[in-house]
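Asks: Next come the chains, spelled out residue by residue.
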Amino acid sequence: MAERTAVVGVGQTKHAAKREDVSIAGLVREAARRALDDAGMDYSDIDAVVIGKAPDMFEGVMMPELYLAPALGAVGKPMIRVHTAGSVGGSTAIVAAHLVASGRHDKVLTVAFEKQSDSDAMWALSVPQPFSAPLLAGAGGYFAPIIRAYMRRSGAPDHIGILVAVKDRKHALKNPYAHLHLADISFDMVKDSIMLWEPVRYLETCPSSDGAAAMVLASERVADSSSSSRSPAWIHGMAMRSEPTMFAGRDQVSPKASKDCAADVYRQAGITEPRREIQVAEVYVPFSWYEPMWIESLGFAPEGEGWKLTDEGATSLDGGDIPWNASGGVLSSNPIGASGMLRFLEAAMQVRGQAGEHQVDGVRRSLGHAYGGGSQFFSMWVLGADKP
Amino acid sequence: MNPVRPVAVVSFAQSKQVRREDHRNEVEMLMPVVSDVFAQVGLTKDDMGFVCSGSSDYLVGAPFSFVMALDAVGVWPPMRESHVEMDGAWALYEAWTLLQEGEVDTALVYSFGRSSPTDLQRVLALQLDPYYMAPLWPDPVALAALQARALIDAGRADEKDFAAVAARSRRDALANPNAQVANDTPVEELLADEYVVAPLRRHTLPPVTDGVAAIVLAAGARATSLVDRPAWITGIDHRIETHALGARDLCESPSTRRAAQGAGLLGGSGAGGAVGSGSGGTGGGGVDVDVAELHAPYAHQEIILRDALGLGDSVRVNPSGGALGANALMVAGLIRIGEAATRIMDGSARRAVAHATSGPCLQQNLVCALAAEPGGGA
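Chains C and B, in that order, are what the protein sequence lines are.
Going by the working numbering, the residue at position 57 of the first sequence is 57; the numbering climbs one at a time, nothing skipped.
Going by the working numbering, the residue at position 303 of the second sequence is 303; the numbering climbs one at a time, nothing skipped.
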């Protein structure tokens with residue numbers, strides 16, 4: 001049977017367009033050191049290291065974990081490198097959590113990063129392949145038609161995406177680690193920004209960031225005896241699901257893998273009404289419209305009505321009943337490989353009451369979510385303040 | 001620590017390992033192998049509780065290369081699935097870990113690697129420290145040659161020993177229909193080869209290979225219901241060393257030895273493999289097995305690995321021909337586990353050890369202990 005597993009330490013970097021002050025090793029150590037400090041541990045306490053990032057071509061280093069082993073104190077220990085596209089930050093945390101849940105290890109350090117400024121993600125996403133149509137448009141061009149399908153299907157009014165973009169940037173102003181701090185963000189500022197991929201405007205898009213995230217995961221025995229000043233965030237459920245990129249009839253707006261993954265994680269956590277039983281959600285929203293889309297897919301609102309939560313301000317820190325992305329989310333910081341782990345990590349911070357200015361009151365349970373590929377890879381966890 | 005749940009390899013399949021796959025992409029290479037690995041045990045992907053794969057984008061020259069490879073399985077309805085940017089042996093480790101929890105009983109593990117479209121001499125240089133090493137473009141053969149030279153300088157082996165490893169591997173590969181380099185060439189003849197990078201001659205180098213492989217894992221009673229003689233994983237562990245070559249003794253492989261201890265093959269850890277990261281050391285004794293499949297891409301590395309594991313002369317090493325017979329990157333480690341498991345399943349061995357490596361000069365190593373009995377059959 002699976003062992004109880006908890007997050008006992010979190011750390012992240014200050015995310016920025018270019019972190020030219022640090023090497024890749026310096027970047028991951030910044031996050032790892034903070035996570036260890038938060039857990040009251042040192043590198044020597046750690047049993048194994050699990051690291052994740054998006055494609056290696058984003059930095060131009062093949063399997064960078066080999067070079068990073070000493071920087072992360074992994075020498076002499078097991079080290080695993082995960083890569084599951086955009087969901088990788090979440091998947092990496094889940095792989096690490098299973099090392100504890102399986103009884104294999106007591107203390108696992110998990111790290112995810114991207115240093116996009118070392119290379120060029122748009123280039124790396126668009127390398128010509130024989131016999132394949134080039135994507136060229138990057139991720140935004142891929143997802144825009146899916147968003148248009150959602151708008152048509154749901155009848156959502158045009159301004160919903162703008163509301164999400166404004167809300168998440170306002171949230172980011174309360175998060176000192178966020179990349180974008182747009183103090184004068186407003187509805188008109190987003191509306192007037194250049195249209196990149198109809199209906200996605202420039203300010204409805206995630207930035208390119210350098211950054212890293214790290215967590216220490218621990219067994220019940222370790223969590224119970226932790227010297228950390230913070231209480232643990234217990235894993236109440238975790239799940240991953242994948243489906244193919246393309247086939248006739250595939251619902252790309254609300255993929256079955258997304259719904260299956262959510263159903264699995266809620267079953268484990270005993271959740272039947274996510275909007276009522278979860279107090280804050282950190283969900284992978286790289287383009288504004290993905291908030292209402294995932295609200296529906298994750299069961300926070302019936303199909304076709306997710307946009308109403310956004311429209312009513314239900315997902316805002318400012319008076320909403322179910323804040324989404326209190327940290328500012330992917331729209332405010334996007335070190336791609338780490339973006340998913342940041343969602344998982346922020347979910348832990350909320351349960352542990354350490355989110356500072358963007359803390360939601362009275363969080364007993366939180367959701368961390370990541371997705372990747374062509375909306376086909378999903379990883380999620382539900383954390384709780386109480387032991388499961 | 002928990003007792004280990006018995007998990008076994010119940011089937012293994014691989015493509016013919018070739019110098020160049022000109023007419024099939026990765027999906028087309030994988031499909032018949034995935035079909036084969038299921039057909040051997042009468043299962044389909046719908047019977048799998050988990051799918052895990054290993055590969056590297058830098059070999060394909062494309063980001064997210066594992067995404068299209070997933071079409072070889074056809075994960076619909078959606079499946080529990082994950083991927084490591086590593087040799088498939090580590091994907092197997094991830095699957096084995098998940099099976100320990102008891103929620104799922106079966107897993108498909110596969111990996112693919114096509115080196116032919118790339119220039120490995122340059123691509124593998126990109127595995128190195130990006131600030132201090134990679135800009136100098138040290139190629140993998142040159143780094144391996146440093147290691148071989150260190151071994152010679154330490155008086156541990158000579159060029160004839162390297163050639164003997166190559167000659168034996170190529171001869172054994174004659175009995176492996178999937179091997180790429182197979183011939184019966186005397187040591188003296190091999191030693192007449194030119195140096196590629198002294199002291200390494202052509203025959204001490206791994207071939208450049210395109211290939212794929214797949215394994216099905218099953219736990220407990222599920223395994224025994226599928227095959228008469230499952231290859232039980234009695235322990236599995238892996239360790240990494242520092243990246244800085246100058247900080248390592250290249251003649252030794254402490255990470256292999258520590259992984260073997262973690263896998264319950266040497267003293268210093270409870271049988272079965274639950275292990276902390278503490279003790280290492282080089283306690284006495286060697287691994288007691290009938291067969292060893294060692295992922296030694298360069299001939300001299302087999303000598304280092306044999307010493308690290310303390311393999312006696314009675315142990316049959318690399319009856320498949322090993323990585324000198326075929327070395328599809330990201331696949332050759334998983335194949336070692338598959339080959340060792342096959343020796344158990346076909347009754348020719350009771351205990352076996354499989355090994356996989358990653359990184360320059362054996363930086364990272366995985367050791368998997370297999371046996372005909374779940375408890376090890378010792």
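Just so you know, these hints were derived from the structure itself, not from any lab.
Given the structure is predicted, the values throughout are model-derived calculations rather than measurements.
Backbone N, C-alpha and C define an ideal beta-carbon position, used for all residues, glycine too.
Hints are supplied without guarantee of correctness; some may be wrong.
Claimed, not checked - To be clear about the criterion: a stretch of chain C counts as covered by chain B if any three or more of its residues have a C-beta under 8 Å from a C-beta of chain B, and this derived list gives those stretches:
1) 55-64
2) 76-82
3) 205-214
4) 256-264
5) 282-289
Asks: All hints are to be evaluated individually against the structure, with a verdict given for each.
Replies: Consistency of the hints with the structure:
Counting residues of the stretch 55-64 of chain C whose beta-carbon sits less than 8 Å from any beta-carbon of chain B gives 10, enough to reach three: the coverage restraint holds. Coverage of a stretch by a chain is defined here by at least three residues with a beta carbon nearer than 8 Å to that chain's beta carbons; for the stretch 76-82 of chain C and chain B the count is 7, and the condition holds. Only residues whose C-beta sits within less than 8 Å of a C-beta in chain B count toward coverage, and the stretch 205-214 of chain C has 0 of them, not enough to reach three; the restraint is violated. Here's how the stretch 256-264 of chain C fares: 4 of its residues keep a CB closer than 8 Å to some CB of chain B, so the rule of at least three is met and the hint holds.
Only residues whose C-beta sits within less than 8 Å of a C-beta in chain B count toward coverage, and the stretch 282-289 of chain C has 0 of them, not enough to reach three; the restraint is violated.
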